[in-house]
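In case you want the letters, here they are:
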Amino acid sequence: MNLSSSYLIQLWIPLGLYLLVMLYIGFYSNRVVSSANGKNFLSEYFLGNRDLGGYVLAMTLVATYVSASSFLGGPGTAYSQGLGWVLLAMTQLPTAYLTLGVLGKRFAIVSRKVNAVTIIDVIRERYDNNPLVVWLASVGAVIFLVVAVIGQFVGGAKLFQTITGLPYIWGLILFGGIVLIYTTGGGFRAVVLTDAVQGTVMFFGTIVILIAATIAGGGIPNIMQTLNTINPDLLTPYGVDNFIAVPWISSYWVLVCIGILGLPQNAIRAMAYKDSKSMHRAIIIGTIVSGVLMLGLHLTGVLARAIVTEIPQGLTTDHVMPLLAMKLFPAWFAGIFLAAPLAAIMSTVDSQLILMSSTIVKDLYLNYINPKAKDDQKRLTSISMISTAVLGLIIILASINPPSLIIWINLYAFGGLEATFFWMLILGLYWKRANASGAIASMITGIAGFVIISRIWPRPFGTHPIVLTSILGLIAFLIATYATKPPKEETIEKFWGV
Amino acid sequence: MEKKTFKEDSRYKQTNKETLSMVILLIANIIWWYVFAYGLGSRPPEKYTYIMGFPAWFFWSCIVSFVLFSVLAWVIVSVVFKDIPIDTIEDENKGEDKK
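Residue numbers (the numbering used here), protein chains in the order written: chain A, 1 to 498; chain B, 1001 to 1099.
Please note that the accuracy of each hint is not assured.
Below, a sample of chain B positions facing chain A; criterion: calculated Cβ distance under 10 angstroms [to be verified]:
#, residue
1, Thr1005
2, Met1022
3, Tyr1050
4, Ser1065
5, Pro1085
6, Ile1086
7, Thr1088
Here are the computed lysine-lysine pairs in the DSS-like style, where the Cα-Cα straight-line distance is at most 27 angstroms [as the list claims (entries may be wrong)]:
#, chain 1, residue 1, chain 2, residue 2
8, A, Lys494, A, Lys432
9, B, Lys1017, B, Lys1082
10, B, Lys1013, A, Lys277
11, A, Lys488, B, Lys1007
12, B, Lys1013, A, Lys432
13, B, Lys1013, A, Lys494
14, A, Lys113, A, Lys485
15, A, Lys372, A, Lys113
16, A, Lys274, B, Lys1007
17, A, Lys374, A, Lys274
18, B, Lys1082, A, Lys274
19, B, Lys1017, A, Lys494
20, B, Lys1017, A, Lys277
21, A, Lys113, B, Lys1082
22, A, Lys485, B, Lys1007
23, B, Lys1082, B, Lys1013
24, A, Lys113, A, Lys277
25, B, Lys1082, A, Lys494
26, A, Lys432, B, Lys1017
27, B, Lys1017, A, Lys113
28, A, Lys488, B, Lys1013
Just so you know, the hints here were simulated from the structure itself, not pulled from any lab data. Where is the CB? At the ideal position from N, CA and C, for every residue including glycine.
Required output: the full structure, derived from the provided sequences and hints.
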């Protein structure tokens, strides 16, 4: 995009301020982390000492799963496919009430009983300290999260490039660097506090652009009329030329709604809140916020079809939202809106980064490589921070030569994580008989199944591979569990007893 | 078959109730989405009716469902969910190991 330099400066002012706020939160949290010397460094750095209130919990939950694809790829597809794509996005409405309602208090109670700091802590205790369970889950989590984070970084840097003309690599260093600094320095607390700010920016940004687009298009009836002239398919639930077939869209109830329960970066939030009241508030706030974001963003993408009539050369439908913002708003205000997709990316990446770091430090290093380090608080602090920083640097380097199609990369990693954790978490929590062999069988079947099915049979019976993968994962879990001994008595008593 | 040698955490009765209520809400949400999207949306576009400018299927399955299920989530949380302690009860009569 060729923009005048005065326009660019105006655009950069709110963006720059916004990034500074993120850094400030990082420094503030770092002070809290540093003062938490003593026994609970790990709990503070990786779990914010379990003191999330309702608003922050709701915002961090929503902001973590609302990613680049909801701001760029998703509305872009809605632009080309019409209202049917909004219908698809609405399968994400239940995420907050489902994650908090189903994992909910049970997960919070259990994680306190076994004094868990990570998801894998809970899993390790539940599956009788089986090392294979821990290694599979940890390695699976790290691999899929790396892929997901690269996808997000690429999206963010590309956005910088398109909007501000800043070369890709500088965009990557600037915004990747900022995420890295506040996450490394402030840990989980910095992650959730920035999430709360980022979620709020996304929420208001979405409302403003939806209203502005409605007005710019001359009202909803007018816009629908225009869409009807462009192509009546845009008004149907089926997309253009039946692009959104019913079995495919139905799979999204598994992929982006129910399956969310298996995403460790979401599930961890179900053990980080302060008390029942916070969780109750978060269910209500989270449902409203995710509804506004999902409906608002994708609907705006559809409305944009009547406003942004042509995508300039060199750009794709992924750029519809930035194009729309710059068309509708003065530069300084467009800058605020452009902060929203960046916020979406940062709030997703930071959670994944801190989770990977906790997996490596807490679940692998302290359990298997050097258990003695547990007692040395100073060493623990530096190991945790260094591992966060190094991981982030590796990912930024890997993002320099980027793969394309953000939305699909992201969905691939997404499905892989769900296949790894879903049954292991849910059955471990609610089924006493579930044992380590079942968990191992379902993880192997899930991960291998998802990758293989995606490659050789991308649409089994018209559905997304995650559906078949989940069914196979469950069958494997049940067979392996019943073929082997029940879990130890002590484990059951620890989880279910008083 | 499974003899309970320990007392089950009494809070789990309540958490099971809460979990079940959310699963039911989800099922209702999915049914609502299907019925309105494909019940009203499967006819040819020239036969669509419109509410507030939106095709009726979209209005009911996306906009109304958002409002309705947010309200229902709020109702269920206030009626079914209870303010129970989630911290581990430091039970002194639990004892380290009872002989």
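Satisfaction of hint between Lys494(A) and Lys1013(B), Cα-Cα up to 27 angstroms: Holds, because 17 angstroms separates the two Cα atoms, which is no more than 27 angstroms.
Proposed proximity, Lys277(A) with Lys1013(B) (alpha carbon, max 27 angstroms): 18 angstroms, holds
Lys113(A) paired with Lys1082(B) [C-alpha distance capped at 27 angstroms]: 20 angstroms, holds
Agreement of Lys1017(B) and Lys277(A) with the hint, judged by alpha carbon distance not exceeding 27 angstroms: At roughly 17 angstroms apart (the allowed maximum being 27 angstroms), Lys277(A) and Lys1017(B) satisfy the hint.
Given hint Lys1007(B) paired with Lys488(A) - CA-CA distance at most 27 angstroms: Holds: Lys488(A) and Lys1007(B) sit about 16 angstroms apart, inside 27 angstroms.
Hint check: 10 angstroms Cβ-Cβ cutoff, Ser1065(B) to chain A: OK, holds: Ser1065(B) within 10 angstroms of chain A, min 7 angstroms.
Restraint check, 10 angstroms cut-off on beta carbons, for Thr1005(B) near chain A: 7 angstroms, holds
Given hint Lys432(A) paired with Lys494(A) - CA-CA distance at most 27 angstroms: 11 angstroms, holds
Agreement of hint Met1022(B) with chain A interface, Cβ distance less than 10 angstroms: 3 angstroms, holds
Agreement of Lys1017(B) and Lys494(A) with the hint, judged by alpha carbon distance not exceeding 27 angstroms: 21 angstroms, holds
Given hint Lys113(A) paired with Lys372(A) - CA-CA distance at most 27 angstroms: Cα-Cα ~23 angstroms, so holds.
Restraint status (C-alpha distance of Lys1082(B) to Lys494(A) at most 27 angstroms): 23 angstroms, holds
No hint from the list above goes unmet by this structure.
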